[in-house]
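Generate the whole structure from the sequences, applying the supplied hints.
According to my numbering, the sequence shown is numbered sequentially starting from 1.
No wet-lab data here; the hints were simulated from the structure. Remember, it's a predicted structure, so these values are computed and weren't measured experimentally. Virtual Cβ for every residue (Gly too), placed ideally from N, Cα, C. Don't take every hint at face value.
The following label-pair restraints were derived from C-beta to C-beta distances [claimed, not checked]:
#, residue 1, residue 2, range
1, D22, A74, 28 to 38 Å
2, V18, P102, 15 to 25 Å
3, G100, T37, 26 to 36 Å
4, A74, T37, 17 to 27 Å
Simulated pairs of lysine to aspartate or glutamate, EDC-like, Cα-Cα distance not exceeding 16 Å [claimed, not checked]:
#, residue 1, residue 2
5, K39, E20
6, K39, D22
7, K41, E20
8, K39, D50
9, K41, E65
10, K39, E65
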Amino acid sequence: LAAAKHVEGSIPASELHVPEYDLAYLGGNCPVQAEGTIKEKAFYFRARGDRWSLSIGADPIGAPEWTHVEICGAAFEAGWMDEDEAQEYLERALALYAAGRPGAQLPPVG
Numbered sequence: 001l002a003a004a005k006h007v008e009g010s011i012p013a014s015e016l017h018v019p020e021y022d023l024a025y026l027g028g029n030c031p032v033q034a035e036g037t038i039k040e041k042a043f044y045f046r047a048r049g050d051r052w053s054l055s056i057g058a059d060p061i062g063a064p065e066w067t068h069v070e071i072c073g074a075a076f077e078a079g080w081m082d083e084d085e086a087q088e089y090l091e092r093a094l095a096l097y098a099a100g101r102p103g104a105q106l107p108p109v110g
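And the structure:
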């Protein structure tokens, strides 16, 4: 994953292995969203405001089993990222999940 940023609690992009996953949808603005499956579990990616998140589980929106959140730029920048950037973040988080790494949490907005 070229140009993937290293964040505290994650592993460098050069050490990540992106697992196989099925991407059903990726697109939109404010929020940018993606949906699909990994290891037969649903995932939901969302980028809005200054952060993006990936949640995985039988109900990834209502009751996720695993969640990873990162800050991404200044206010409102995340919701306008292009699809290539969104897929880069998505794949980095999927690799963390597949490696058995814990997800990162941030305080709620507001």
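Hint by hint, here is what the structure shows:
Evaluation of the 28 to 38 Å hint for D22 and A74 yields a pass: the beta carbon distance comes to about 33 Å. Take V18 and P102: their Cβ atoms lie about 18 Å apart, and the range 15 to 25 Å holds. Range check, G100 to T37: about 18 Å between beta-carbon atoms, so the 26 to 36 Å window is missed. Checked against the given bound of 17 to 27 Å, the beta carbons of A74 and T37, roughly 32 Å apart, lie outside it.
A distance of roughly 8 Å separates the Cα atoms of K39 and E20; the hinted pair therefore holds under the 16 Å criterion. Restraint check for K39 and D22: satisfied, since their Cα atoms lie roughly 9 Å apart, inside the 16 Å limit. Restraint check: the Cα-Cα separation between K41 and E20 comes to about 12 Å, which is no more than 16 Å; the hinted pair holds. With a C-alpha separation of about 29 Å, the suggested pair K39 and D50 falls outside the 16 Å cut-off, and the hint is violated.
Restraint check: the Cα-Cα separation between K41 and E65 comes to about 10 Å, which is no more than 16 Å; the hinted pair holds. At roughly 13 Å between alpha-carbon atoms, K39 and E65 fall within 16 Å of each other, so this suggested pair holds.
In summary, the structure is inconsistent with hints 3, 4 and 8 from the numbered list given earlier, while agreeing with the others.
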